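The listed protein sequences correspond, in order, to chains A and B.
For the first sequence, the residue numbers in our numbering are 18 to 572.
For the second sequence, the residue numbers in our numbering are 18 to 572.
Think of the hints as simulated: they come from the structure by calculation, not from any bench.
One thing to keep in mind: the hints can contain errors.
Treat identical chains as interchangeable: a pair holds within one or across any two.
Said to hold, decoys possible - Quick list of in silico lysine to any residue cross-link-like pairs, SDA-like style, CA-CA up to 20 Å:
1) Lys-284 x Arg-190
2) Lys-284 x Glu-369
3) Lys-284 x Ala-466
4) Lys-371 x Glu-46
5) Lys-501 x Ser-49
6) Lys-501 x Ala-306
7) Lys-392 x Asp-499
8) Lys-284 x Ser-49
9) Lys-392 x Ser-49
10) Lys-284 x Ala-182
11) Lys-501 x Ile-311
12) Lys-501 x Val-561
13) Lys-456 x Asp-493
14) Lys-80 x Val-393
15) Lys-501 x Thr-82
16) Lys-371 x Ala-114
17) Lys-80 x Gly-400
18) Lys-80 x Asp-395
19) Lys-284 x Phe-183
Nothing here was measured: the structure is a model prediction, and the numbers come from that model.
Protein chains: 2
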Amino acid sequence: MTRTTPAGTPLGDSFHVYDTTLRDGAQREGISYSVADKLAVARLVDGLGVGFIEGGWPGAMPKDTEFFARAAAGELQLRHAALVAFGSTRRAGSTAAKDPQVQALLASQAPVVTLVAKSDRRHIERALRTDVAEAAEMVRDTVAFLVGEGRRVFLDAEHFFDGYAFDPDTSLRVLTAGFEAGADVVVLCDTNGGQLPLGLAETVREVIARTGFRVGIHCQDDTGCAVANSVAAVQAGATHVQCTANGYGERAGNADLFPVIGNLAVKLRMDVLPEGKLADLTHVSHALAELANIAPDTHQAYVGHSTFAHKAGLHASAIKVDPLLYNHIDPTVVGNDMRVLVTEMAGRASLELKGHELGVDLVGRPEAVDSALRKVKDLESRGWSFEAADASLELLLRGEIAVVDPDAPATGHPFELESYRVILDHRLDGEVVSEATVKVHVAGHRVIATAEGNGPVHALDAALRRALVPHLPWVDEVELTDYKVRILTGASRATQHGTDAVTRVLVQSSDRELEWTTVGVHGNIVEASWLALCDALAHKAMRVRSGVGAGGLRG
Amino acid sequence: MTRTTPAGTPLGDSFHVYDTTLRDGAQREGISYSVADKLAVARLVDGLGVGFIEGGWPGAMPKDTEFFARAAAGELQLRHAALVAFGSTRRAGSTAAKDPQVQALLASQAPVVTLVAKSDRRHIERALRTDVAEAAEMVRDTVAFLVGEGRRVFLDAEHFFDGYAFDPDTSLRVLTAGFEAGADVVVLCDTNGGQLPLGLAETVREVIARTGFRVGIHCQDDTGCAVANSVAAVQAGATHVQCTANGYGERAGNADLFPVIGNLAVKLRMDVLPEGKLADLTHVSHALAELANIAPDTHQAYVGHSTFAHKAGLHASAIKVDPLLYNHIDPTVVGNDMRVLVTEMAGRASLELKGHELGVDLVGRPEAVDSALRKVKDLESRGWSFEAADASLELLLRGEIAVVDPDAPATGHPFELESYRVILDHRLDGEVVSEATVKVHVAGHRVIATAEGNGPVHALDAALRRALVPHLPWVDEVELTDYKVRILTGASRATQHGTDAVTRVLVQSSDRELEWTTVGVHGNIVEASWLALCDALAHKAMRVRSGVGAGGLRG
Chain A
18 MTRTTPAGTP
28 LGDSFHVYDT
38 TLRDGAQREG
48 ISYSVADKLA
58 VARLVDGLGV
68 GFIEGGWPGA
78 MPKDTEFFAR
88 AAAGELQLRH
98 AALVAFGSTR
108 RAGSTAAKDP
118 QVQALLASQA
128 PVVTLVAKSD
138 RRHIERALRT
148 DVAEAAEMVR
158 DTVAFLVGEG
168 RRVFLDAEHF
178 FDGYAFDPDT
188 SLRVLTAGFE
198 AGADVVVLCD
208 TNGGQLPLGL
218 AETVREVIAR
228 TGFRVGIHCQ
238 DDTGCAVANS
248 VAAVQAGATH
258 VQCTANGYGE
268 RAGNADLFPV
278 IGNLAVKLRM
288 DVLPEGKLAD
298 LTHVSHALAE
308 LANIAPDTHQ
318 AYVGHSTFAH
328 KAGLHASAIK
338 VDPLLYNHID
348 PTVVGNDMRV
358 LVTEMAGRAS
368 LELKGHELGV
378 DLVGRPEAVD
388 SALRKVKDLE
398 SRGWSFEAAD
408 ASLELLLRGE
418 IAVVDPDAPA
428 TGHPFELESY
438 RVILDHRLDG
448 EVVSEATVKV
458 HVAGHRVIAT
468 AEGNGPVHAL
478 DAALRRALVP
488 HLPWVDEVEL
498 TDYKVRILTG
508 ASRATQHGTD
518 AVTRVLVQSS
528 DRELEWTTVG
538 VHGNIVEASW
548 LALCDALAHK
558 AMRVRSGVGA
568 GGLRG
Chain B
18 MTRTTPAGTP
28 LGDSFHVYDT
38 TLRDGAQREG
48 ISYSVADKLA
58 VARLVDGLGV
68 GFIEGGWPGA
78 MPKDTEFFAR
88 AAAGELQLRH
98 AALVAFGSTR
108 RAGSTAAKDP
118 QVQALLASQA
128 PVVTLVAKSD
138 RRHIERALRT
148 DVAEAAEMVR
158 DTVAFLVGEG
168 RRVFLDAEHF
178 FDGYAFDPDT
188 SLRVLTAGFE
198 AGADVVVLCD
208 TNGGQLPLGL
218 AETVREVIAR
228 TGFRVGIHCQ
238 DDTGCAVANS
248 VAAVQAGATH
258 VQCTANGYGE
268 RAGNADLFPV
278 IGNLAVKLRM
288 DVLPEGKLAD
298 LTHVSHALAE
308 LANIAPDTHQ
318 AYVGHSTFAH
328 KAGLHASAIK
338 VDPLLYNHID
348 PTVVGNDMRV
358 LVTEMAGRAS
368 LELKGHELGV
378 DLVGRPEAVD
388 SALRKVKDLE
398 SRGWSFEAAD
408 ASLELLLRGE
418 IAVVDPDAPA
428 TGHPFELESY
438 RVILDHRLDG
448 EVVSEATVKV
458 HVAGHRVIAT
468 AEGNGPVHAL
478 DAALRRALVP
488 HLPWVDEVEL
498 TDYKVRILTG
508 ASRATQHGTD
518 AVTRVLVQSS
528 DRELEWTTVG
538 VHGNIVEASW
548 LALCDALAHK
558 AMRVRSGVGA
568 GGLRG
């Protein structure tokens, strides 16, 4: 991977959308990405068409070192973005060539490096415990060394705005050291997140006027203004904007990639993404929330589930006249949709669209669509979510068609459950053992099978396979590749034993051809998992029986 | 209640903090305030010291009519704020005096009325289906009538910014009609929420320059800039700012009262609240979230639980030097506090800081710190996470101290497990039943207890309580208030049965004094939950035994 500029965006290298979800975003409380998660995040963000993906801090974090190694080994093929490694300048009193941390940046094989440097005199003197001359030399030396090694280098000027207000000469000296040594963007960081847009825009304008450098912006959200500050900086002349997915990040978080892109693309009419990608904004935001295991913010600007939803009141009568009078943009532009007042229409349209995407032709079947819509709404009100469970949705849609069309493929489960029992023992010797027994009817036989597993769901899955495989050999092809659990607390408050909660389970399965995701919801986590497992097999069975369903499925 | 100006604020009537949580905030999807809720919200917001509280739309919403009736009857005694009724101008072709909706505003007995009027020509013509002259006359007539009846009147100019961009003359004509008839603030509303701060500030400046009117601002958050837009409008000359608690509102929501106040008070140094009230910001925000039955946003600017939490190793060592170098403000100013997250990124410095926060003195105990750090890193590499599990971390730290200090409080579990068994039946009739049996040694007795539950963890928790309560009555005080599950896939790929996965469970508990969170990790979800439950009881036991641990703990 040697790309150092964005590919496929109309603005080319003249404007950078730079994603740091994997480094700065991962500092959000509660996020703990595995290396596999990191690869998946990078693929999603690349699919959206951003120009740069900062993958982590090799050398400082073992997982990040492994991420870059696996990326370099070919596990990550970026179509649009250049891959960036983050690191700090060399230590005081050393040389870049000998600094182990700088060596780790080289070893990562990332073609682009973003170096963080202190640009506030107080930080240089009190945290770094050195003087301004040495701080500038650390920047110069490290940038020059990495540029000499063929890397493209960006400089993150940490605490820039606070430092510039305190002592502008020091802050500019750090920028100059980096720029003259070959860094081609100096990124002004509002590290403590204390800026407001009018003042920040003024500073960005002034720095560009005084230096002529190419300037980037990196905002934290401590005043609730990170998105506004980022956009204001671009209006003031910044041509590189660093964001994180859904604003994940330390403290109040970072500038949120999705509204920043929305504002730049829709409000400032800048073609910051490759053609057609803006409509992926909502989907990618939600998928990244799933990967972070954080519930999507339903009121997030542009991409939230409620963001174009209108509740009764002042607008009710008028909105039918012209929806665009009551929304700041057409929600479909960013892949979102309008809900509530025009739900019938919006819901139907999006369901038809979704069906089309899944290869299920709903056009000319209004009763099937209406019935499916009712079921989806009812299930979603009870905690189901089909947003990430295409295979369960496909089964539901095809089931509605099968009601009215005898030639449509059958969607029923390939077996009938009589009962199951799971026994979990924490034994005297400390071992924890799970054992499951299922009684099912399959292909005209009543089968009883028992298996052990690492946990109750694993045992149940193993017992079911043992029961089915002799009669349905294709079951053996199905692998369970991912399993996600979310506890949803109901509208009423949690009681002493959390009994109001329902559990939503997402199961991702694969065979030689496809990956597909199914969902199950129940008050009991094992039953919720069971429901998702059954849907996974029903989906495979449908394909085995009829060859359909291999269409547009994703994980 | 006849007050028409704010009481007790240094800025008096010259600047208005105006809260519309009860009207515009209530339009958020999922909020449904009872009249009692509305009274409680008004008391909390008044306690914070805002200048105006918009209580609702009398006549249009029965609950709002009742709210005003009960307020007028003496159920609501506001100490700082003036009470405001919201309504629209009279209908086209009628007179204000005869308009039932205008009569309802009078009947509400609210001393201040905010009238909403369309100020975008397209809305006047296409939604109102009248002409600009009549629209202006509707405003003039209604304002004049209410002022004549002794009310103070504000005018909300709906869709102002979109309208002004489309046809400024119409929009200014509506403002002028209201101002000349006696409205003493004209509020420029970004109703569709599509504005960005630099452009919005420019428009506010221009309108003030052209009219000389007193101008207010009302922003929706559809670009993610409502807070920034509100503050920018104030910098541009607006002296009245309309917000909702926690940004509740239709679609993406409204400008969030708390960061708006934080920014005005701390960044622009405006005394917008009565003296001493700024420190209530965090508490009032969380209390209002409880009343709305919406989980507080942990990353909300100024007031979020995580908003001053530091995770990065980069910062943690330097934070000890000077916390204000790494926070944009002193968190106690807004009633929040700083936390340190212990993660794999952390070092000795963060662990000492964290210990200090938890009331565990690690200074001068380098062996205990080193040993604890090794354990934390080892556990975190196996999927444990202490950043949200302060109570488990406290047990670990105190355990290390207890090794070297015989006087330190004991941290052991209050009982010994012999074994447990959980049986889960999906019965023939479709019912799913969970039953657990535990065998434990407690207070010198061997106890066996069995209980049923909604799921395996619920059953296990119930059986354990049944076994322990007769011997440890304090167990009954402990409530399980939240339960979170995360499946972590290991570095290697998930196998056919997902056997590489471990499960991380976070359990939040509370008693009359405290909330505390514990963590458990295991390949088996039930065992992981068991470990977290046991830590929860061990933490309580430690407090019961020694009185320690009630220090800095939060959920």
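Identical-chain pair category, Lys-284 with Ala-466, by Cα at 20 Å: Neither way: Lys-284 and Ala-466 sit 59 Å apart in one copy and 64 Å across, limit 20 Å.
Alpha-carbon proximity between Lys-501 and Ile-311, which holds within one copy, between copies, both or neither at 20 Å: Both: 12 Å inside a chain and 11 Å across chains, each within 20 Å.
20 Å Cα threshold - placement of Ser-49 relative to Lys-392: between (35 Å within a copy, 18 Å between copies)
Alpha-carbon proximity between Lys-284 and Arg-190, which holds within one copy, between copies, both or neither at 20 Å: neither (35 Å within a copy, 27 Å between copies)
Identical-chain pair category, Lys-80 with Gly-400, by Cα at 20 Å: Result: close only across copies, 13 Å inter versus 34 Å intra.
Intra- versus inter-copy proximity for Ser-49 and Lys-284 (alpha-carbon distance at most 20 Å): Answer is neither: 34 Å inside a copy and 33 Å across each miss the 20 Å cutoff.
20 Å Cα threshold - placement of Glu-46 relative to Lys-371: between (34 Å within a copy, 15 Å between copies)
Copy assignment of Lys-501 with Ser-49, given that the CA separation must stay at most 20 Å: Both ways: Lys-501 and Ser-49 sit 14 Å apart in one copy and 14 Å across, limit 20 Å.
Intra- versus inter-subunit Cα pairing at 20 Å for Lys-371 with Ala-114: neither (54 Å within a copy, 36 Å between copies)
Intra/inter-copy verdict for Lys-456 and Asp-493 if alpha-carbon distance must be at most 20 Å: This pair counts as within: shortest intra-copy Cα distance 18 Å, inter-copy 39 Å.
Within, between, both or neither, where Lys-80 and Asp-395 count as close if Cα-Cα is 20 Å or less: Between copies, since 14 Å is at most 20 Å while 42 Å is not.
Alpha-carbon proximity context of Lys-80 and Val-393, limit 20 Å: between (39 Å within a copy, 16 Å between copies)
Hints 1, 2, 3, 7, 8, 12, 15 and 16, counting from the list given before, are not met by this structure.
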